[in-house]
Each structure stands twice: as structure tokens, then as C-alpha cells.
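The primary structure of each chain is shown beneath.
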Amino acid sequence: MHELSVQMTVNGQARAATVEPRLTLADFLRDACHLTGTHLGCEHGVCGACTVLVDGAAVRSCLMFAVQADSTEVTTIEGIESSDGELSAVQSAFRDCHGLQCGFCTPGFVMTVTAFLRDQPDPTDQEIRHALSGNLCRCTGYQGILKAVHQATGGERET
Amino acid sequence: MTEVAAAGATRYAGRRISRVEDARLLTGRGTYVDDVALAGMLHACFVRSPFAHAAIRSIDTSPALALPGVHFVFTAADLNPGAREQWHTAVGPKSPETPRPPLAEGKVRFVGDPVALVIADSRSIAEDAVDLVEVDYEPLTAVVDYAHAEQAETLVHENHGSNVIGEIGGLPAAALEPVFASAAHVVSTTIHQQAYAAVPMEGRGLVVDYSRSTGELTIYAATQSPHEIRLFCSRLLGLPEHHIRVVMRDTGGGFGQKIMVQRDEMCLMLAALKVGAAVKWIEDRRENLLAAGQSRHEHAAVRMAFAPDGTIEAAQIDFVSDCGAYPTPWPVGTAAAVGMLFPGPYRVPRASFTTKSVYTNTVGRVAYRGPWQFESLAREVLLDIAARQMGIDPVDLRRRNLLAQEDLPYKNPNGMRYDSISPLETLEQAVEMLGYDAFRREQADARTTGRYLGVGLSTYVEPSTPGFGSYATEGATIRIEPSGRVNVYIAGGSSGNSLETTVIQLTADALGVDIDDVATIQGDTALTGFGAGVAGSRSASMTAGAIRETASILCDRIKAIAAHKLEAATEDIELSRSRASVRGSPTVGISLREVAGLAYFEPSSLPPGVPAGLEASARYTAEAGSIWVNATHLCTCEVDIATGAVKLLRYIVSEDCGPMINPNVVEGQIAGGVVQGIGGVLYEHLAYDEDGNPVATTFMDYLLPTATEVPIIEYGHIETPSPGPGGYKGVGEGGAIGAPPAVVNAVADALSPFGVTITRLPLTPARLVGLLDDCTDR
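Protein chains in written order, with my numbering: chain A, 7 to 165; chain B, 37 to 814.
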């Protein structure tokens, strides 16, 4: 199959490869970059487990081709904690609030929430729920996740 | 929580300890099966049937094999002869299982039935090749409507001679006729539940890696039970068990779907021996919804007789369940549990039941969180219908009949002996937490303004921690290393149940050591002793037992060594905070690190009869056939009568799982189960059309609850210790049992002014609007 060259910055590191045009960004990150924290839960853009940041915007990496991410800056779950291994505020809040169980959906939630709170640091409960509505979790019933997002905003949880 | 902690002060059990799993899972450093990459690894993809029922006339694999990068295309003729035995350890070799050809042989029996297996350089090439495999099918009439499967001319499995898999019943219904004939009130209905499924966020998957030179097979798996995969595989392939190693570090949820090996996994095991390289199969979402199994598709005619004051005099259930084409395992025993548990946590003097399990040309029935939850759905919905018909408040009707602690032990009319439960107490706690009377006033006020609020509740009792067969024991190995740090080896594995954290908490308490000094190694059959896996809400109690048995050996040894060194009596030594000290003289002591140093490096200094080292293995055997656990769920909702939309307002769970090892984990398990139950009532439907075509094979069609729909869940805890280790009970499944009837009853209560009776799920907006349109009072 005809291949195209692609280059991007992933978690601050330059990456270049020659790929099939049909290769998704998710598969590029997982297979070519060996960044397996980005998970595939549906491969049709509903579950949000594969969410990464492309030039700062939260996108579903299963719905984007690697070649579409040419010349972008991509951040994955592996690039969220600080360089000395300290969890980000969002990651810490998930840990504190039992916001994960099996952990499969968790990277997608962390990426979605990271972008959301950057753009909207003081959201209402309704806004938080709306922001999370594109990510599916089957373990937690979203209870700990909602609590974690409230904690990460520094606010109390509304009930 | 005294038993497990007997060696030292309880410092960790009962506390909201942060999970040790989280550091890796939050940073993308977990290891799920799809994260495993081996040198030279190939990729598998199945050719699956597009027909619900068809004869396979021929399969032409040559166009697929001609595609560059394709290594093998296996059909039944290639793989099936390699299958030797194929029985699951929990049910044994004598269970009358459905014959399960690994790949479809001669016929396909549901849409998604695996027909051929392509092995290629990459998943995308394998998928390309799947499209090139030419299968000539002769479509046959499909058995789709399970309610009429018994009468259908077409047989799903001809050799079985019937579409009825099996029937188990209790006391014949005729025996209760005099009771029903003379009862003041008899209430009956038929309740239908739709098919829905576990739907873990990670599908199934395996990496198989066979070495022809050594005869060793390594399997990386998405599983709730690595040891079961090893045992099953050894029997399937005829390989010695110790030549197989199964590894699972992280599994992305299971909820029952990943307990037992199914046909797809068998195919990978069989292919492993033929390929000569590692092979990875990762189920995609479409396959998961097509082929990983269904649950919950069932109905029952139910009936209760009441005295004039609402006292239950008899209960009857006649239950039929759809088991699809290839149920795993034999489903008839689970169906019987529906019948036996139907009386629930109530004083029911007489009961009868029949159960029938039938084949259809749909995906097979598999275990799913609370596999017999229909007993609670049917009973609790019937009780609310009865309450309305008799003009008794549903809380009062339950109060008059629920078992209270003073009634225990209590044997239900089907012979189930309940003990250590608190049904009435959980009901009262939930009612109190809601402010039930105030809600009824709010509801009445709302109705005057055209708003329809409802409240629904359900109370159940379930057997956790099965104590028989392969589930009856659990082992642990504890190694206190020469530095005094502790490693605990237990079958376990991370699939969302927080077992690593649980094991560390329990071990730290049992040995009297700091929690930071304890680590655990799980999910690898090469390193851990046999354990039947995460199933039957067994892990808390069984793990606590295994750690108690093992830690007690080491505590005795540490005390003996410390007493000898400190010249004190062994019985005066206390273990706490990673130190052994003399009771009453806390300054006189020795650190665990020093004890370990003596045990490993100065064996001649040990007291007579004490072996060197600080390692022990032991195995706990369950003392009872099951551990009972109970809860009351109570929820409120508002129904928009124009659109049929249901909004859940408050959701309260009062449960009794005994003492909690970690309240975060307990509440997390309850919440997950509750929201799965809510999904089952309001959104999820693994639907088929009348020809047996699945119509919900993406997340656009199979609707899971999202953060916008879920209520905040409020928890009440009643603590009645079980007779098992630590007094613990199982809490993994109950949420999914209690939630469906509570939600149905709340919606029915909201719509009660219209005379609506709900007996069929799911409660989609369209169904509710249809019910309202059909009633005359609107």
C-alpha cells in the first residue's frame, strides 16, 4: 500500500515515520511510538478511551489518521505527569476520589478533563457532566470521576 | 475485623486507603493484553457468520492466502481435531454442556459465529484477508423468539433433539393451589427482561506464544481467572499444566464475561500450536457485542398469595430464559437459582418454581454480574404491583414481610438457609435516608402541578463466596524478604476489583507491618498458587482467609525468633508497625528487618525447631456453602409524560456486606453495579431483528449510561459480620441485582396516577409513551 511520511511531536519528542494513510493516530501512538496508555474501547468514536491532545485539543485518536496529525503537537497520557513522576492535579484527584477501577477508560478521562479544566477552570456540575458525556466508564458508575473533577477544580462536589 | 488482625493492631482494614493500582493506571503504564508486544508476533482476526442459521457449503481460503502478509487461514477442519477436552473447572467434566466446536463445523448458529481464523503480519492485513475468505452459506430458518423456541420446528442443535436445554423445578404449582384458591388477595403478572450484556470497556483478547522446542505455551489474557485459562488450555490441547503460563497484569473489566474460556479463545489456543510464532487476538467492539455473550433475556409468570393484612402466604415463579446457541457454561443451574431465590429476604411459608432454559440462534448466554438477578426483579416488581392493588404502601407491605435479624437463621421454602443478614434493617435505613414521608408529600404536591415523581425500592438477599468445587479454596504465599519487606503472592489480578490494594491492607494488618512495606504479585500462574479467580463475589472473604492462614504461620515464627532474641516469652511478643516488641515494655523490641536478617543470614541463632527464612504458603478452605449478603435500594425519579424521559433524582443503597475492608472499594463496586442496572432498565438492549440479525453492534446503538444520566449514589452501611474470615461478605455483584427493580418501581410509581403497569423492559421513552397512550386516564 502507498505510504506517506508523517512527523509530529509526541509528549515533547520528535517522531517521524512512513505510514499507510489508513493508519489511525491511535494505532500510530500505540504501535509506532509504543505509547500503549492510549486505549481503544470502540474504534468508532463513542467511548473516548483513546482521547489525546492534538495541539491542545482533546480528540479521539481512533477517528483521526496519523497523517492528519502531521506537524502537530500530540500529548498522550504518558505526557501528563511531571518529569519527576509527580501526578497532575487531575490524576491526583482521580486517585483520591476512587475515580478509576479497572483503569481502561481512565487515560481518556484524564485527557478529556485536563483539556476541559484548562479551558473552563470553574465549571458547574452540569458543565462537568456535559464535558464527561463523551467518555464511557463501565466500572465506577461515574461517581468517583465526578467527585474527582470537582476536587480538581478546587470546588466542593454539588449534590 | 478482629480475626484477621489478631496478630497486630488493625491499622488499615476499614480505612479508605488509596489504591496501589492507580499509579500505573493513571499514567498509561498499565499492561492490558493489547499492550503486550512480542518479537515476531502475528495478528489474528475471525471470519464470522453473517447469518443467524445457515449450512456452510464450502469455504475458499485461497484468495485470502494470496494476500501478501497472510500466513494462515484456519477453518474447522484445521483446528477442531486438535481439541481434546473442553470443560470448565467450576462445572466439571460431567456437566451436560452444549457441544462447542471451536470454529463452526457444517453450520453456523448465530450472527458472529466464528467460521475461520486469519493469521497475518498485522491486524489490518488480517482484516483485509477476512473480507477475501469466500464462504458459501445456505441460509436456514432461524429460531429467534425464545418464548416459542420449544415449539419451533427448527432445532438449533439437531443432536440435542429439542430446543429446551433443561428444566429444573421445585415444589409443583399444584401443591399450592389450595393456598392460592383461599387467599384474600392473589396478584399475578408476567415480567419480561431484555437481553443486555457485561460490556467491559476492554473486549476479550489473548496473546498465545508456543515454543515448539520447549513445548511451553505462554498466554497473556484479558481474564478474571488466569488459573482457569491454564487448566482449561491444558485439557484442550493435552499439554501438561506446568508447561503453560498465563499472565494478566491488567484487565479492562470483566463483570462475569471473562471468567470462562469461550470458543474464540479455544481457537487461538489451538492455532498457537500450528503457527510457530506468537499470535495476538484483540476483540473489537463489534465482535464483543456480536459474539462475547448475552445475559438477562428472560421472562417469568409470577404469582403471590396474600392474607388480608398483606402477609405473604405463597409465591410462585415459572421462569424461561434465552440461552442463545452456545451458552457458557451450562445455564440450567443458574436458572434454578432464580427459582430457589425467588422468595427473597421475606417470610414466605410456601413456594413453587419451574425453570426452563432454551436454545436460540443468537449469541450464547454467559455469566454477568448477579446472573440470577431476575428473581429480585420479578419479586420486587410484583410486590409493588401487589401493593398498588391492595392499597398498601409498598414500604409497609415489605415491612410486614421482611426478615429481621430476630427471624434468623431462616430457611426459605426452597431450602435456602439465610443467616447473618439484615433485610428489614437495611429497608428502614434507606427509608430514613430518603425521608420517605416527606417525599410522598413532595410527590403529591408535584402531581397537582402536572409533574410526575416516583419512588421505588427493592430488597434482596444473595449468596456470595461459593464454597464448593474449585471455588472452595484460595491460597496465598507470603515472603518476608531478607530486608523485612513483604511480598504477597495470590492468584488475584487487577480487573477493576482493587484486589491488589485489598491484599496489601489485609496483609499489613495480619503481620502487623507498615503498609508501605507490603507489595503484592498477582495474575501470573507461574508465580501464584491456584485460585479460581474473580467470580461469585468471592474475593474479599476468600482472600482474607488465605492471608489469615498464611500470615499466622509467619507471625508464630517471627514471635518465636523475637522472643528468643529478647529473652522473653513467645506469648508476650506483639507485632506492630513492623516491630516485634514485648507486651508492656514497648521499648524492648526488635524490628522485622532484624528478625528477617536472623532468619535468613544467621540460621544458627534461631531457636530450636524454628526453620530458617520467613516464607510461608497456606490455603484457606471456605467453611460454608455460601455467605449471604443483602441490601435495600431506593430511588426516586421524575418522568416526563410527554416525552417518556426518565430522570433519576436520588439513589440510595443501604447494604450489609459486613465490615468493610476499604469503604472506597465497597462503594465503588456498588456504584458500578447500580449504574449497570440502571443501564439495563433504561438504555441497554442487545437487540435482534426477527431474522436474528443483531441491531446493536456499536455504541451508537448499544447505549451505555454516561455521566449525564447517573444520579449521585448515597450509601448506608449496616454491619452484620458473616461467619467467614474477618466477618467479610462479597459485594461485587449486588448493585446490579438491586438496581433494576428499584428503578422499574420508581417509574411505575411515578406513572401510577395513569393506571400504568410496567412488566416489560427496557423502559425506553418510546415504551413509556406507548404505555401512557394505551391507558385511558391520561
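Some clues are possibly wrong.
Restraint-style ranges between C-beta atoms, simulated for each label pair [to be verified]: (1) B:Gly142 - A:Asp61: 40 to 46 Å; (2) B:Glu478 - A:Gly160: 32 to 38 Å; (3) B:Thr734 - A:Ser88: 34 to 40 Å.
Calculated from the structure, these hints are not laboratory results.
This one's a predicted model, so the numbers in the text were calculated from it and none came from an experiment.
All C-beta atoms, glycine included, are put in the ideal place defined by N, C-alpha and C.
Hints versus structure:
1. B:Gly142 - A:Asp61: 40 to 46 Å: violated (55 Å)
2. B:Glu478 - A:Gly160: 32 to 38 Å: holds (33 Å)
3. B:Thr734 - A:Ser88: 34 to 40 Å: holds (38 Å)
In the structure shown, a violation is registered for the earlier hint numbered 1 alone.
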